[in-house]
Amino acid sequence: MAKGDYAGALEELIMLAVLKGGDDAYGLSIQKSLRDAGRRLELPTIYTTLERLEEKGWVSSRLGGATPVRGGRAKRIFRLEGAGTRALRDAEGARRQLGALKPALGRS
Amino acid sequence: MEWNSAVDVEASTRRLFVAWACTTFLIGPSSAYTLCVGALLLLGIRLEAKVLRMELITAGGAPAQFLPPTFAAFFLYLTLPRRQQEPIIGDLNEDFATNVLPRFGPLLAGIWYWYKALLCVSMYACENAIEPLIRRVVEPLWRCAVLPLLKWTVAPVLVIHKLNWGDAVRTFIDKLR
Chain B
7 MAKGDYAGAL EELIMLAVLK GGDDAYGLSI QKSLRDAGRR LELPTIYTTL
57 ERLEEKGWVS SRLGGATPVR GGRAKRIFRL EGAGTRALRD AEGARRQLGA
107 LKPALGRS
Chain W
19 MEWNSAVDVE ASTRRLFVAW ACTTFLIGPS SAYTLCVGAL LLLGIRLEAK
69 VLRMELITAG GAPAQFLPPT FAAFFLYLTL PRRQQEPIIG DLNEDFATNV
119 LPRFGPLLAG IWYWYKALLC VSMYACENAI EPLIRRVVEP LWRCAVLPLL
169 KWTVAPVLVI HKLNWGDAVR TFIDKLR
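So the sequences go chain by chain: B and W.
Those letters in the first sequence? Residues 7 to 114, per this note's numbering, in order.
Those letters in the second sequence? Residues 19 to 195, per this note's numbering, in order.
Possibly wrong hints are sitting among the right ones.
What the hints assert, rightly or not - Part of the chain B face toward chain W, derived, beta carbon under 7 Å:
id, residue
1, K38
2, L47
3, Y53
4, V75
5, G77
6, R79
7, A80
8, R82
9, I83
10, G88
11, A89
No lab work stands behind these hints: they were computed from the structure.
Every residue, glycine too, gets a C-beta built ideally from N, C-alpha and C.
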């Protein structure tokens with residue numbers, strides 16, 4: 007498997023936050039979801055990772071409407087794509103497989 | 019009234035900034051006149067922003083406290099990558115108006131906004147400017163010039179002095195003299 011084919015820890019977290027956000031997952035909502043999960047990430051980190059995920063084709067984005075509270079600035083709304091869901095499932099599978107090694111680790 | 023004051027401020031400040039840049043280009047950066055023009059234009063930007071705020075309040079638009087520091091937003095606009103400008107400034111504005119301002123008040127909220135703006139810019143600078151600079155300039159220079167130079171000059175002296183750094187450096191300085 008090539009290096010870019012699997013999700014890193016940060017990418018996985020952000021994809022999960024996008025998944026949690028549903029149809030209205032944008033920078034601030036993703037940051038809030040991650041903060042609730044105990045991860046404090048700054049907006050540039052989130053957007054840079056999302057851009058990387060978009061290049062991989064795991065998420066897609068579109069510009070949303072501008073609201074007064076945002077000072078007339080548009081939201082960038084993200085959506086998890088099929089490839090992203092598959093990458094998340096792969097990561098989950100790998101974690102489960104590795105989890106099976108835990109008892110062996112305890113014995114040694 | 020439609021909420022487009024931020025865009026208006028931005029457009030006008032951009033115009034003023036372009037005017038200042040053109041003047042600097044035409045007259046020369048060292049000219050005192052240019053500095054004066056720059057200062058006046060910056061003063062103009064401030065005044066224009068203030069007037070727009072006042073207009074917005076009197077027109078019954080969004081409350082004044084929804085407006086984050088104009089200069090910080092403009093600073094972000096100038097420095098962030100084009101693709102990230104809209105979402106990041108918008109997210110910061112939203113966080114400012116909904117979470118920070120009601121909880122901490124205008125002064126601390128303003129400081130918070132500036133802090134976030136500087137943080138964002140420094141993070142992007144590290145990623146887009148400093149890191150490529152190290153990767154493309156400093157690292158090859160170190161590998162192709164500094165390391166061979168050290169190998170040719172310091173290493174033989176170090177070997178002669180049986181890896182005694184003090185003697186090696188002393189001999190090296192004597193040689194240089």
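Tell me if the interface restraint on A80 (chain B) is satisfied: Cβ within less than 7 Å of some Cβ in chain W.
5 Å, holds
So, as I understand it, the hint says G77 (chain B) touches chain W; can you test that by seeing if any CB pair is closer than 7 Å?
4 Å, holds
Going by Cβ atoms only, is G88 (chain B) closer than 7 Å to chain W?
With a minimum Cβ separation of about 24 Å from chain W (threshold 7 Å), the hint on G88 (chain B) is violated.
Restraint check, 7 Å cut-off on beta carbons, for I83 (chain B) near chain W
9 Å, violated
Do the numbers back the hint for L47 (chain B), that is, is its least Cβ distance to chain W under 7 Å?
Violated, because the Cβ-Cβ distance from L47 (chain B) to chain W comes to roughly 11 Å (cut-off 7 Å).
So, as I understand it, the hint says V75 (chain B) touches chain W; can you test that by seeing if any CB pair is closer than 7 Å?
5 Å, holds
Per the CB criterion, is Y53 (chain B) less than 7 Å away from chain W?
5 Å, holds
Minimum Cβ distance from K38 (chain B) to chain W below 7 Å?
9 Å, violated
Should the interface hint for A89 (chain B) be scored as holding, given a Cβ-Cβ cut-off of 7 Å against chain W?
The hint is violated - A89 (chain B) has no Cβ within 7 Å of chain W, the shortest such distance being about 21 Å.
Holds or violated: the hint that R82 (chain B) contacts chain W, with Cβ atoms closer than 7 Å.
Given a least distance of 4 Å, the restraint on R82 (chain B) holds.
How about R79 (chain B): closest beta carbon in chain W under 7 Å, or not?
3 Å, holds
The earlier numbered hints that this structure contradicts are 1, 2, 9, 10 and 11.
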